[in-house]
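Visitor: Below, each chain spelled out in residue letters.
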Amino acid sequence: MRALLIVMLWLPTALQAAEATPLPGHPTRTDESERGARQTAIDASLTLKVAHPDQVRRLVLDLTKAAGGYPTLVSDGRLDLRVPPQQVDALLAQVSQSGLVLARTLQRNDRTETIADLQARLRTKRDIFQRLRAFLDDSNVAATLKVERSMTALVTDLEQLRGTLELEEANVRNAAVRITFQFHQERRVDQVVSPFAWLNTLDLEQFVGGF
Amino acid sequence: MRWLLFAAVALCAACGPTYRMDAPDGFVKYTKGHGQFAWTTADGVRVKARDVKNEPKAELAFWTDATQRHLTARGYTKKSERCFTTRAGAKGCTLEWLAPRGNEDWVFAVTLFVTGERVTLVEAAGPFARYVAVEAKLAKALETFDPGL
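Just so you know, the sequences run in chain order L and A. With our numbering, the residue at position 209 of the first sequence is 209, and numbering never jumps. Every position in the second sequence, counted from 1, becomes a number in our numbering once 1000 is added.
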């Protein structure tokens, strides 16, 4: 009964604390983020017009493999790749030479704080899990059931945190590179009127339609 | 007899300019319903010439710049620009553009020649891959273009 009471009083506070602050003795988020290099996730995209997409697709896949990367999506008009961050610039430069670059973006997101936060929360929850385990040794049936329910909920939290952390770390380990061989859908030709009348007759649709 | 001569001159004036150009490899002349200057490849890359008034009167550089600004504002993406002199000594500039059309990206090329009161436009278009396959031949043929009278 005493064990049950302890669990009921201690657990909600402990879980709340785990969300907010790491346990004493564990490094804080700032400590972790200041230690070592920043963890950056790179997201790059390249829209390239090429005469022979098949050849360029093969070339890109070869270059990706040589750079230590791998494809996650290969389709007629698009390639999604994962590439070691230090190889991204070189890969994009090489691929750019294969055609006409219509658009190029490169975004760097600092994930250091997020990763440190997830690591700290994961450690704290693991500690709570170990402590709950200790309660099982001298608990009666009711307390054991209560502890088990709490542990089950904790396992779910742990799995979710671990999954999120793994995803964040994977995004840092390998940059996401998207190469498309088509215009994006939103690039549409708008109506703009020129003061020079004949310029308004220059239009792809009008030309093709009038042929 | 005078009337006959006058009628012939009037008829000839109504004909408009007589463009001339060496046939680009892979193109055939397509005349039905398209005036006197239209060419096409078997897979649908097409070329056609027409005249517009040089109004306000300006030089080739002005119209090249105006065309570039206008098409950029309309959302076309510039592919290339090439200015050249034809065999007959006429100065021309070709501006190539990209634009989405249906599920494909197309090239739309405009070549300008300015001769006195006229601006001659040679327009060409085709799906990107098909256009790129013939663009060098077309560029070579354009160097033989004669805007006519």
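In short, the hints are calculated from the structure, not lab data. Take the hints with a grain of salt, since some may be wrong.
So the derived list for chain A, only partly shown, Cβ under 8 Å to chain L, looks like this [claimed, not checked]:
no. : residue
1   : 1052
2   : 1071
3   : 1106
4   : 1128
5   : 1133
6   : 1134
Please read these numbers as outputs of a predicted model, since none were measured by experiment. The C-beta atom is built at its ideal place from N, Cα and C for all residues, glycine as well.
Visitor: Going through the earlier hints one by one, which of them does the structure break, listed in rising order?
Guide: Of the numbered hints, just 6 does not hold.
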